[in-house]
Each structure stands twice: as C-alpha cells, then as structure tokens.
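2 protein chains.
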Amino acid sequence: MSAATSNFVRRIPEGEDRERLTCADCGFIAYENPKIVAGSVVAHDGRVLLCRRAIEPRRGFWTIPAGYMELDETVEEAARREAREEACADIAIEGMLAVYSIARIGQVQVMFRAHLATPGFAAGEESLEVRLFAWEDIPWSELAFPSVHWVLRHWREAGAGPLGAPRGNPPEDPRGTGRLLQGA
Amino acid sequence: MSAATSNFVRRIPEGEDRERLTCADCGFIAYENPKIVAGSVVAHDGRVLLCRRAIEPRRGFWTIPAGYMELDETVEEAARREAREEACADIAIEGMLAVYSIARIGQVQVMFRAHLATPGFAAGEESLEVRLFAWEDIPWSELAFPSVHWVLRHWREAGAGPLGAPRGNPPEDPRGTGRLLQGA
Numbered sequence: 001m002s003a004a005t006s007n008f009v010r011r012i013p014e015g016e017d018r019e020r021l022t023c024a025d026c027g028f029i030a031y032e033n034p035k036i037v038a039g040s041v042v043a044h045d046g047r048v049l050l051c052r053r054a055i056e057p058r059r060g061f062w063t064i065p066a067g068y069m070e071l072d073e074t075v076e077e078a079a080r081r082e083a084r085e086e087a088c089a090d091i092a093i094e095g096m097l098a099v100y101s102i103a104r105i106g107q108v109q110v111m112f113r114a115h116l117a118t119p120g121f122a123a124g125e126e127s128l129e130v131r132l133f134a135w136e137d138i139p140w141s142e143l144a145f146p147s148v149h150w151v152l153r154h155w156r157e158a159g160a161g162p163l164g165a166p167r168g169n170p171p172e173d174p175r176g177t178g179r180l181l182q183g184a
Numbered sequence: 001m002s003a004a005t006s007n008f009v010r011r012i013p014e015g016e017d018r019e020r021l022t023c024a025d026c027g028f029i030a031y032e033n034p035k036i037v038a039g040s041v042v043a044h045d046g047r048v049l050l051c052r053r054a055i056e057p058r059r060g061f062w063t064i065p066a067g068y069m070e071l072d073e074t075v076e077e078a079a080r081r082e083a084r085e086e087a088c089a090d091i092a093i094e095g096m097l098a099v100y101s102i103a104r105i106g107q108v109q110v111m112f113r114a115h116l117a118t119p120g121f122a123a124g125e126e127s128l129e130v131r132l133f134a135w136e137d138i139p140w141s142e143l144a145f146p147s148v149h150w151v152l153r154h155w156r157e158a159g160a161g162p163l164g165a166p167r168g169n170p171p172e173d174p175r176g177t178g179r180l181l182q183g184a
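Sequences listed follow chains A and B, in order.
Just so we're aligned, residue 1 is where the first sequence starts under the numbering used here, counting upward by one.
Just so we're aligned, residue 1 is where the second sequence starts under the numbering used here, counting upward by one.
Derived from the structure by calculation, the hints contain no laboratory data.
Keep in mind the model is a prediction, meaning the values are calculated, not measured.
All residues carry an ideal CB built from backbone N, CA and C; glycine is no exception.
Careful: at least some of the hints might be erroneous.
A few chain A residues facing chain B, derived, Cβ under 10 Å [to be verified]:
(1) E32
(2) I138
(3) E142
(4) L143
(5) H149
(6) R153
(7) P170
(8) E172
Which residues of chain B face chain A? A few of them, derived with a C-beta cut under 10 Å, are [to be verified]:
(9) R10
(10) Y31
(11) P34
(12) H44
(13) E70
(14) V110
(15) H115
(16) T118
(17) L143
(18) R156
(19) P162
(20) G164
(21) G168
(22) E172
(23) G178
Output of the computed footprint for chain B on chain A, the stretches with three or more beta carbons under 8 Å from beta carbons of chain B [stated by the list, open to error]:
(24) 20-31
(25) 40-54
(26) 58-67
(27) 120-132
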C-alpha cells in the first residue's frame with residue numbers, strides 16, 4: 001500500500017443539496033454522518049468506575065467506558081463491549097440515562113446506567129488505569145470531556161430510582177458546541 | 001470527474017482488530033459506523049402524519065417523516081428538518097419515544113413524539129403524498145419498514161401522558177435483524 005495520496009475534495013454531488021467529501025479521482029463519496037458513542041456510568045457499591053485514558057485525545061484524563069459504536073451491534077452491545085475493552089468489566093445495563101448531541105464534532109452519545117455484573121475489572125489496552133471512585137473522590141478537574149461531567153451529574157441526580165426520560169444536553173450547551181475538546 | 005473506478009478493499013489496518021474499507025491506492029480508510037436516523041410520530045387532532053415515499057427503497061409505501069442525521073445538527077434538529085423536507089411540516093417535539101437498533105443495516109433510529117406546530121403540511125420532494133390518518137385508517141399493509149410498525153404501536157401505547165423511558169426494539173426482533181427491508 002502506498003503512502004497516503006488521497007485526493008478527496010468537497011463538492012456537491014448531483015441531486016444533493018450540500019457538499020460531500022468526494023474522491024476527485026474515482027468519484028467515491030465518503031458520506032460523513034454523525035457517529036454514535038455508546039457509554040455507561042458503571043456503579044459498584046455506590047462507587048463509579050472511571051478509566052484513565054491511554055490514548056489521545058486527552059491521554060491521562062479520566063472518562064467513563066465509552067466509544068464508537070460499530071456495525072453489527074446494538075447500542076447496548078456497543079456499551080457492553082466498550083466496558084469490556086477499556087475496563088475488562090462485565091456490566092449489566094439498567095437503562096438509558098442520557099442522549100447528548102455534540103454537534104460540533106458530529107457525535108450522538110448514548111449513555112446508560114449500569115453496574116458491574118461480576119466484581120472484577122482492570123485496565124484494558126486503551127486505559128492506563130481503572131478505578132472505582134466514591135462521589136466525593138471523583139477527579140473533576142481531570143475529567144477528559146465535558147460530557148463526562150454531564151453524565152456523572154445526571155447519574156447522581158437520577159439516584160437509584162426509575163430512569164424515566166433520558167436526559168439531554170445541559171442548558172448551558174444545548175447543541176454541544178462547547179469549546180472544550182470532546183472525543184471518544 | 002471520471003467514472004467510478006474506486007479500488008476499495010476490506011483489510012485490517014495496523015493497530016486495529018477488524019476489517020475496514022480501505023482504498024488500495026491511497027490508504028484512505030472509510031470508517032463505516034452505524035448511521036443515526038431521526039424521525040417523529042407527528043400528531044394533529046388525534047391523527048398521525050404519514051408520507052408516501054417517492055424514492056427507493058420502498059417507493060409508494062407509507063412512513064413517518066424520518067431520515068439520516070447530518071453533521072452540525074442535534075438529533076432533535078434532524079427530526080425537525082426531516083419533517084420539513086418530507087412533509088413541509090413545522091413540528092414541535094414533545095420527547096423521545098423510542099430508540100431502535102437495526103443491527104443488520106447499521107442504523108440507530110431515534111424516534112420522537114411530536115405534533116404540528118402550525119397546521120399546514122404538503123408533500124416534499126421525497127414524498128408522493130402526505131396525509132393525516134386516524135388510527136383505524138392507518139394502511140398497515142402498506143407501511144414501508146418494520147420500525148414504522150413498531151413506532152406507531154409504541155406511540156399508541158404511550159398515549160398522551162409522560163413518555164418516560166424510551167421504548168426499544170420489540171421482543172420479537174431485539175437486534176433489528178428482521179428479514180424485511182429497513183431504510184430511511
């Protein structure tokens with residue numbers, strides 16, 4: 001395989017109303033749609049499972065187990081896979097806690113409330129370490145992304161009761177256009 | 001632009017664990033992630049707005065206003081845009097009615113409950129006609145996709161009260177692998 005010499009340009013394909021990333025050589029259109037991030041607030045004995053990221057963006061910062069949904073899985077399966085990959089954790093999903101739109105980076109984040117189905121966990125390949133934090137010990141200033149703040153706050157507000165309607169973006173950032181880096 | 005001569009192959013990129021669609025010439029990786037479909041059950045005077053599709057797949061069959069979410073919008077904005085494009089309808093979203101995973105075709109469908117914010121509607125470019133149907137007049141045998149059946153049934157079950165937790169795939173198809181064609 002040669003080094004990258006791709007020749008993609010932005011142009012409006014025939015019959016469409018907006019620019020698409022198109023290969024000027026072969027006409028291939030790489031449709032760019034928002035990506036789904038599936039994640040979970042995973043509790044155990046009242047504490048919350050967080051992973052310290054081993055990869056960019058935001059290497060060294062803490063996040064919940066979450067990542068891009070793949071083809072051939074449901075949103076719940078994606079959330080369980082991410083917990084397995086990032087925290088070697090086997091989780092049981094309780095329900096949908098929140099759905100956030102992060103328009104600036106083209107993400108929809110579907111966040112579940114979950115608990116450890118079996119007590120073990122460990123750092124997966126994309127994590128430097130994985131720990132359970134009591135609420136008062138959460139490293140707020142070292143969280144990786146704004147939506148990690150959002151979802152932890154929403155998890156706390158929801159308590160242990162029925163989840164009801166999923167929470168959305170907080171009023172201060174209704175479209176997910178905040179300046180701080182988001183990622184998965 | 002020349003005719004399509006793209007040279008995409010499926011191979012496992014370095015550092016990854018699954019095959020990706022990769023251009024054999026330039027190395028460009030076209031990540032294929034699930035796409036988000038945003039749609040709404042739009043009510044007016046107790047009747048439901050349906051659109052008869054002017055495009056494939058399932059041309060001539062009835063569906064709710066729904067379609068692929070684009071970049072730079074929230075899920076709610078996408079649902080409102082689709083209602084505008086397909087039914088020339090200005091809708092007010094009441095809440096999230098359902099989230100379906102259609103694993104077989106890589107879709108997550110986020111369905112809202114909505115009503116007409118202003119009384120007018122008309123067939124948009126992708127619709128042959130748009131009509132309000134009383135529940136007993138819904139053309140069940142002419143609905144375009146299984147998830148249109150699901151969401152209408154879920155809308156009916158929800159009634160007019162608080163929506164609570166979003167509904168998911170029905171028990172008979174928990175992963176969205178049904179044989180019938182799905183689409184947006």
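Okay, the hints, checked on the actual structure:
The beta carbon of A:E32 comes within 6 Å of a beta carbon in chain B, closer than 10 Å, and the hint placing it at the interface holds. The closest approach between the C-beta of A:I138 and any C-beta of chain B is roughly 26 Å, which is over the 10 Å cut-off, so the hint fails. Hint status for A:E142: violated, given a least beta-carbon distance of 26 Å to chain B, over 10 Å. Against a cut-off of 10 Å between C-beta atoms, the interface hint on A:L143 is violated, since the closest Cβ of chain B lies about 22 Å away.
Of the supplied interface hints, the one on A:H149 is violated, with its beta-carbon coming no nearer than about 19 Å to a beta-carbon of chain B, more than 10 Å. At a threshold of 10 Å, the smallest CB-CB gap from A:R153 to chain B is about 19 Å, leaving the interface hint violated. At its closest, the beta carbon of A:P170 sits 13 Å from a beta carbon of chain B; the interface hint therefore is violated under the 10 Å criterion. Hint on A:E172 is violated. Least Cβ distance to chain B is approximately 15 Å, over the 10 Å limit.
With its C-beta approaching chain A no nearer than about 12 Å, B:R10 sits outside the 10 Å limit, and its interface hint is violated. A least Cβ separation of about 8 Å between B:Y31 and chain A falls short of the 10 Å threshold, and the interface hint therefore holds. With 10 Å as the threshold, the beta carbon of B:P34 comes within range of chain A, its nearest partner Cβ sitting at about 5 Å, so the hint holds. Interface hint at B:H44: violated, since its Cβ lies 23 Å from the closest Cβ of chain A, which is beyond the 10 Å cut-off.
At about 7 Å, the closest approach between the beta carbon of B:E70 and any beta carbon in chain A falls short of 10 Å, and the interface hint on this residue holds. Proximity of B:V110 to chain A holds as hinted, the smallest CB-CB distance being about 7 Å (cut-off 10 Å). For B:H115, the interface hint is violated, since its Cβ never comes within 10 Å of a Cβ in chain A; the closest pair sits about 17 Å apart. With a cut of 10 Å, the hint placing B:T118 at the interface with chain A is violated, because the nearest CB-to-CB distance is about 22 Å.
For B:L143, the suggested interface contact is broken, since its CB lies about 22 Å from the closest CB of chain A, more than 10 Å. A cut of 10 Å between beta carbons decides the hint on B:R156: the least distance to chain A is about 18 Å, and the hint is violated. Nearest Cβ of chain A to the Cβ of B:P162: about 7 Å, under the 10 Å cut. The hint holds. At about 5 Å, the closest approach between the beta carbon of B:G164 and any beta carbon in chain A falls short of 10 Å, and the interface hint on this residue holds.
For B:G168, the shortest C-beta to C-beta distance to chain A is roughly 8 Å, which falls under 10 Å, so the interface hint holds. The beta carbon of B:E172 comes no nearer than 15 Å to any beta carbon in chain A, farther than 10 Å, and the hint placing it at the interface is violated. With a least beta-carbon distance of about 13 Å to chain A, the hint placing B:G178 at the interface is violated under the 10 Å criterion. Three residues within the 8 Å Cβ limit are the bar, and the segment 20-31 of chain A against chain B gives 8, so the coverage statement holds.
Restraint check on the segment 40-54 of chain A versus chain B: 0 residues with Cβ-Cβ distances below 8 Å, three needed, restraint violated. Check on the segment 58-67 of chain A: 0 of its residues sit with their Cβ under 8 Å from a Cβ of chain B, so the three-residue criterion for coverage is violated. Taking a C-beta to C-beta cut-off of 8 Å, the segment 120-132 of chain A contributes 0 residues in contact with chain B, too few for the three needed, and the coverage statement is violated.
Comparing the model with each earlier hint shows violations of hints 2, 3, 4, 5, 6, 7, 8, 9, 12, 15, 16, 17, 18, 22, 23, 25, 26, 27; every other hint is respected.
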